[in-house]
Amino acid sequence: MTRSPLLFNAFNEHIEGDANMSKIGKSLPVLAAVVALPLTITGAAGAAVPFANPIGGKATYYDNAGYGACGTRINANTEMLVAVPASYWTSPNPNNDPLCKGVSVEVSFQGRTIRVPVRDKCPSCDRTHIDLSKPAFARLADPSRGVIQVTWKFVR
1 MTRSPLLFNA FNEHIEGDAN MSKIGKSLPV LAAVVALPLT ITGAAGAAVP FANPIGGKAT
61 YYDNAGYGAC GTRINANTEM LVAVPASYWT SPNPNNDPLC KGVSVEVSFQ GRTIRVPVRD
121 KCPSCDRTHI DLSKPAFARL ADPSRGVIQV TWKFVR
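For the sequence shown, counting from 1, position 153 maps to 153 in full-length UniProt numbering; every step adds exactly one.
Since the hints were derived computationally from the structure, they do not count as laboratory data. Check each hint, because a few of them may be wrong.
To be verified - Straight-line C-alpha distance at most 16 angstroms; calculated EDC-like pairs for lysine to aspartate or glutamate:
hint : residue 1 : residue 2
1    : K134      : E79
2    : K153      : D126
3    : K153      : E106
4    : K58       : E106
5    : K58       : D126
6    : K58       : D142
7    : K153      : E79
Please read these numbers as outputs of a predicted model, since none were measured by experiment.
Could you build the full structure based on these sequences and the hints that come with them?
In structure tokens, the structure reads:
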């Protein structure tokens, strides 16, 4: 674990005159390591992407345009893409999230299977619900259905 020399030295200079505060200053690196340990163990503030684990759930569609959670422009009315549940995102800055690094979702419905890149986040989706772009949904079912029961999984 590295610490910021400027911040650490400024803290030590501030507390040097007080013996009790000096003890706290010496304990600070240990405290920081203990606090950071759970984040080191999980690799992030959440779980890793569960590749190849099939998930039974529902798929809906959306057709918005703008910037997706990965920081790029998207058009869910014309492009093949998927928005996955917010609970799978682990980075405070979604642009840097592992989901934005070449991850796709393979979705199956009634004998049809598509593969679509993760380009957005679905804040209202539970862990089994994905939000497909309109063209992606249309490859599986008529959009007039609105909601379909699917099996999906993360893939590279």
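When the structure is checked against the list of hints, which entries are broken? Sort them ascending. 7
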